[in-house]
Amino acid sequence: MAIVTAPTKACAVNPLKMSQPIGGAFAFMGLRGAMPLLHGSQGCTSFGLTLFVRHFKEAVPLQTTAMSEVATVLGGYENLELAILNIYNRTKPKIIGICSTGVTETNGDDVDAYLKLIRSSHPQLAKLPLVYVSTPDFKGAFQDGWERAVARIVEVLVEPNANGLRDPSKVNVLPGCHLTPGDLDELRVILDDFGLCPSFLPDLAGSLDGRIPDEFTPTTIGGIGVDEIASMGRAGWTIAIGAQMQRAAEVMQGKTGVPVRVFERLCGLCPNDEFMTFLSEISGRPIPLKYRRQRGQLADAMLDAHFHIGGRKVAIGAEPDLLFDLSGMLHDMGAQVTAAVTTTQSGVIERIKTKEVLIGDLEDLEWLAKTRHCDLLITHSHGRQAAARLKVPFYRTGFPMFDRLGAGHQLSVGYRGTRNLIFDIANLVIAHREENDQPTPDKWRTAAGLPPYSGYRSPIGADEGAIA
Amino acid sequence: MSSLAATLQNIFDEPGCAKNGSKSEAERKNGCTKQLQPGSAAGGCAFDGAKIALQPFTDVAHLVHGPIACEGNSWDNRGAASSGANLWRTAFTTDLSETDIVFGGEKRLCKAIKEIIEKCDPPAIFVYQTCIPAMIGDDINAVCKAASQRFAKPVIPINSPGFVGSKNLGNKLAGEALLEYVIGTQEPDYTTPYDINLIGEYNLSGELWQVKPLLDELGIRILSCISGDGKYREVASSHRARAAMLVCSKSMINVARKMEQRYRIPFFEGSFYGIQDSSESLRQLARLLVERGAPTDLLGRTEAVIAREEAWAWAAIEPYKSRFEGKKALLITGGVKSWSVVAALQEAGLELVGTSVKKSTRKDKERIKELMGQDAHMIEDMTPREMYKMLKDAKADIMLSGGKSQFVALKAVMPWLDINQERCHAYMGYVGMVKLVEEIDKSLSSPMWEQLRRPAPWEALAKAMKQMQSPISAIARNSTLAETERRATKICVCNTVDLGTIEDAIYAHGLKSVAAVREHTNAVGGCCQRHIEDILVSEPSALRQAAE
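So the sequence lines, in the order shown, correspond to chains A and B.
The first sequence begins at 1 in the UniProt record's numbering and counts up by one.
The second sequence begins at 1 in the UniProt record's numbering and counts up by one.
Please note that a few of the clues may not be correct.
In the DMTMM-like style, the derived pairs of lysine to aspartate or glutamate whose C-alpha atoms are separated by at most 25 Å in a straight line are [said to hold, decoys possible]:
hint, chain 1, residue 1, chain 2, residue 2
1, B, Lys-389, A, Asp-209
2, B, Lys-466, A, Glu-215
3, A, Lys-9, B, Glu-260
4, B, Lys-328, A, Asp-112
5, A, Lys-139, B, Glu-115
6, A, Lys-94, A, Asp-193
In case anyone wonders, no lab produced these hints; they're calculated from the structure.
Given the structure is predicted, the values throughout are model-derived calculations rather than measurements.
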């Protein structure tokens, strides 16, 4: 449907994209007792760390092999060995997740071979899982790093189901990086209510949900344990959320034979109807009353909010899966996805309900929003400067969200999550209109010249009439 | 043009650096970058440092030549403020792809410079080198030189790839680039005898504007601030200043010293953090300007402003002194400003239980000793776990540090204030110090802490249940055990007097005060005074009843 265009300019301005290695490290942060390690110069880690800390307002474990210029020339074996030994001795991790960076990919470090050597010369590491994933900075984006890391974790840590016995109540959930810890908690409750017992891989809700642990822990404070990952082959089903998780789900299926169902979207009415029906089927239970009520509430929220969201010309900048999910929901509400910018190639972007998707940056998004007269901007916090210049309502979503609180608890999944999201966006539009766009005697002249959507933006009295 | 290696050697040999000065010849040869520990390193790289030092130049386009990580993961993350241009907050990067790495990134860099000039036409472009183009041999010096000529516009190479060292080294490399390509390339419209440079001041949260009105009042003109709220033209003509103040001595001492050498601009190291430090800095500025020929009445005018501001600030802080009595603060910062903040907090009546000196020079440490006494608890390098323990054990009531250790304090449910670059309040000057004290008070006196430290209802219940089954209640039911326990519990540690002796004395003689207990037993009643008071109140104790 949508035409995908690639950038032609030499200079990216105000990047939307973040790098693969920190996306990979992010996946390891959903594992219990984990220490993600970037094999590169210490700035690679420091920038990523700052970004995560500002987003979650939490202590975040992330280490570096601190490659110097000389080490880069000589090869990174010694730095990697030292880093692993230091982490092993100082923080006693349950797992170390290693991501390469541009530096170590350019000089061609063979990390898999290094790890073999390190294991053979340090027998104390025999039982410590070391998972390596190749994530060069100069390819792909944040989401790709996550995708590759999760696929790799499944490949290395999940054990084949030797006796073929399955527990139908056990369900594997492979969430994409666009889901927040809050989303995972919501999904956990839903699955529990169907009598299913979910294992989330990765489980950011266990590690970055923002709580006060009893003790200081230098590694992740929670998440899925290595043992639990190993036993995922005994589950009845694997549910992958977001097209990015297709690959990990396939690896899982290939290795263990657990059947897979991919849900590309979990935001909106229809996607959740599908999801509930599926859960009902695999659990053999009727959809609980609670969700029947929640569905009604979502339907009502859509009725109330369509006056404000319907007809809006939306400019969205987000990673492919988040873009697909959100733009789909907004389209279903009657909004027009007028400008869409994403970070990296993906199968879903050409199915986005818009004319054109650009793989570009926030400068492109700002320009498109301006020339196409968009009146709602949705992207991560870096869009704040563009929003201020465009003078349009700005909804922050995705990663990073460093200038507002509660990033980890923003919801988009389930009937209830969609309902909240719709309210948030509609309220933003209402507040923006109240502050900037009150009707005046002169306004009708200009308003008449506006495109048809102005009909939706009727004065408040009319809205109240509609509700009554 | 010197190579990067030569520049590095030159920086390591900085005679103005106190740390360097205190080293032996052999140590000096090794350079000053501490070997980074793989697996336990924190902090930014040299590129990070260079960018931080120069990015506050507000009208310059900052172009990062590297893969997406270097700029994409880091842009718009500093709280420097601008009074005019906003170009510095726009991120430009060549976002190198795999193809560029195979075929070289110079062409893309050239095109990127052209695009920026067409779109924004900034007064200058700073091009930052990063690790990967350095590895594949992109010669940014040559590209910048060619671009400067072709577009008749300064295009400045900042040669500071991340892997050459730490953030601090990057600050200095940025300074070297300014010295080599920028400073002295333009002339100011006019000069006055009151022109100064501020070096190593970044106008975080706009805090420079808390001091600037005082300078304006005195007629002192900031010819150039390197680099907070700075403009390219200002720094390019900064060589005409009469005096300079080095604000962050760690980041740009090379700039201050070389400008003194080349352009005879005398400088001093000062700080606007803390009341006395602010006054001292104003005095020094006036003195240097007068020495360079400014009219001598400046000295008197400066003293008058200082007297007025100090009186105001002291009066504003006074009400807090009683509120801060007995409160202890732990200070973990980059270290440069340790001593100046130490002085400021003591002014407000806070007791400091420790301060980090990781980046402080020997001179800094001496000043801290002067301020905090010989037994000052100076922390060279504290692990997060140690900080957490210190706070959890309530050895400090509040921690002041940079954002990175924030959660160590907050997760120990202890008040914490950000005093590093990401903070949102400006603490500079007299106004700033009063603000800092206000913020500390707000944090310390919040009713929230009390609620958060309270255990959850189920935890309280579980604790009560445990106590019922605990050894103490078992002891209470067994007289011999209770007696042994009573004899084993030391109350006066100084003279080793146990609980049993004290309790028996109180019972036998009907004692009512600590002084009386002191008379009848060996107890000193000094450090154990509080304990004895407790025993007096709770007599007869459950243990003694059980023992009988």
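Structure-based check of all given hints:
no.: 1; hint: Lys-389/B with Asp-209/A; in the structure: holds (23 Å)
no.: 2; hint: Lys-466/B with Glu-215/A; in the structure: holds (21 Å)
no.: 3; hint: Lys-9/A with Glu-260/B; in the structure: violated (43 Å)
no.: 4; hint: Lys-328/B with Asp-112/A; in the structure: violated (50 Å)
no.: 5; hint: Lys-139/A with Glu-115/B; in the structure: holds (23 Å)
no.: 6; hint: Lys-94/A with Asp-193/A; in the structure: violated (31 Å)
Hint check: violations occur at hints 3, 4, 6; the rest are consistent with the structure.
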